[in-house]
Amino acid sequence: MRATKNKAPNPTELIDWLNDEGLVELDWDFPEEGDLIAAGLDSMAVMQLVVAVEDFFGVELTPDNLTRTNLESPRKLAALIASKMS
Amino acid sequence: MIADHGRFDVVVIGGGSAGMAAAITAARSGARTILIERHGYAGGMGTASLVHSFCGLYLLRREPGAVIANPGFCGEIEQRMSAATGIGPQRMGRLDVLPQHPVEFVRIADEMLAAEPMLETLFHAEVCGIERDADEWRISLTHRTDCTRLASSSIVDASGDAVVAAWLGRECAVAPAEKLQRPAYVFGVRCAAAIDEAARLRISGRLCEGIREGLLPPEALGLTFRASGRLGEVFGTLDLTGNMNGRDFDPLDASCLSGLEFTGRQVAAAVVRYLAGHDATWSDSYISHWPARAGIRESRRWVGEYVLTGEDLLESRHFDDEIALATWPMEMRETAKGPKLRFPTEDLPAGIPLRCLKPAGIDRLFVAGRCISADHEAQASIRVMGTCFATGEAAGRAAAG
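Those protein sequence lines, which keep their order, are chains A and B.
The first sequence runs 0 to 85 under numbering that gives the first Met the number 0.
The second sequence runs 0 to 400 under numbering that gives the first Met the number 0.
Worth flagging that the hints you see were computed from the coordinates, not collected in a lab.
Check the hints yourself; a few may be wrong.
Unchecked claim - Below, computed lysine-lysine pairings styled on DSS-like, alpha-carbon distance capped at 30 Å:
1. B:Lys339 to B:Lys178
2. A:Lys6 to B:Lys178
3. A:Lys4 to A:Lys83
4. B:Lys336 to A:Lys4
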């Protein structure tokens, strides 16, 4: 499933989008609750993520948004992006 | 007038992790050995460029506990470094690495080099010519305005850049500019803040904010911070594209490297100044340590009797003449956006044959370290210091034999 520009992604769309952007390499069956940080979303990848989220979804993630709780799974990250868009 | 520095059994060119292992091993094997190093200390990337982890020391395994892949020199270094830092192997994701401190590495290298009666170490010297004369190598060295000459039976090229191949006009290989593994600029920071996961994520957010506000250059996106293991000290590692002034990255070009040094320092200084002003926990931080040179991951390589391939590593292949195991995954850094790791299919190490250390058709010449005969993909594994110690040890033994 392809994420749509400027539209909040669901967790599955977000997994594909993270792969397409080359931010972290996730298996096709990576779970919505899977640990993104353990899968390689390190501090440098998080910076690329902030830039890519701003560019594609049009929202700015702030330092306070970048917590393990918000980033730990595709479901949580999709919810963060959605909350910033609403 | 060119002074004569004498005759040796083995000359080792370059005192990085591979060269120091080669020189110490050759000397221990009874060969009269000289190590030629351009800086004022040995250790190469691990000292002059502040690369602060020994990767490739341990087997890839799912079970807990780190197991040395290539006993011998690697085990000795591990033991000395752990004793100095009080830190043992750490598991990072699927990999075991040994954090190392460049200041301790300089001292350990000094002690190990000085302990060998058959070894002379010559700092502040660079090779400026190599010729083959009958059964002897004639090597010219430059030290500021002086030149000296020495002779040896065998050479180990541990230069990292295959400089012996260049002096002899022999076949070597370099990846296309756009594929070369990107360089890294590492610097030390005095910083009271703890660098845990939460801090790293927050700092990432701060740097993005600084870039957005136009207060930081976009190159800051390539930066990560890691605790040095010493109280109040942090290392920043900045991955850069290496493309300078509209020209592609070229690790052998002094202009390109000069641009890299300037850029690394500019970005590092801007970031630390920004964080000191924008993050309460960083308010008293400052840069405490510049590297002597930017860190280079890939450069010119020898073409040897065998070229180790990425497929050899993926398939964990073994060879009758293997001298060491390659255990680190292929760590691709073709962009400045972080590593892409390629693991072997079965989580098993591959062998590195002695033929990768022997340039084709040249007697009494061996190669060690990141410029051994390997393709671009395999080099992304064998370049790490843990493996360089092992290929250095093997080259030193072969050269002394």
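Hints versus structure:
For the given pair, B:Lys339 sits about 13 Å from B:Lys178 by alpha-carbon distance, which is consistent with the 30 Å threshold. Distance check on the hinted pair: A:Lys6 and B:Lys178 sit about 35 Å apart at the alpha-carbon level, beyond 30 Å; violated. Between A:Lys4 and A:Lys83 the alpha-carbon distance is near 14 Å, which keeps this suggested pair within the 30 Å criterion. Taking the CA atoms of B:Lys336 and A:Lys4, the gap is about 22 Å. The hint holds against a cut of 30 Å.
The structure does not agree with numbered hint 2 stated previously, though it agrees with all others.
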